[in-house]
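All chains, full assembly: derive it from the sequences and hints.
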Amino acid sequence: RLPSRFRQNHLVELSLQYSNLEILWDRTVKLWNLRRLDVTGSEYLRELPDLSASKNFEELIIEGCVWLRKIPESIRRLCYLTKLNTVH
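Per my numbering, the sequence shown starts with residue 11, numbered consecutively.
Hints listed in this document are in silico derivations from the structure and should not be mistaken for laboratory results.
All values derive from a computational prediction rather than experimental measurement.
Treat the hints with care, as some may be off.
[Unchecked claim] Derived lysine-lysine pairs resembling DSS-like cross-links, with alpha carbons at most 27 Å apart:
no., residue 1, residue 2
1, Lys65, Lys40
2, Lys40, Lys93
3, Lys40, Lys80
4, Lys93, Lys80
5, Lys93, Lys65
6, Lys80, Lys65
This is the structure:
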């Protein structure tokens, strides 16, 4: 998980490729300016956070996340999402 004191206000891109994380962060973290999240090869990742606070979010890359079973419903509200890569 991201540390609770993590300053997320200016984070635009987060690349956690091939991590051993199971959960990225809890529901209290709001990444307002996040545009891209890449967790390629993070095979133990079990769930994705709600990204609806990231109004300008553009790319979600979850290729090779074999334990991930569900994508949050909130992804439908991401108006600027242009790339969604979900290859198992």
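Structure-inconsistent hints, enumerated in ascending order: No hint contradicted; all consistent.
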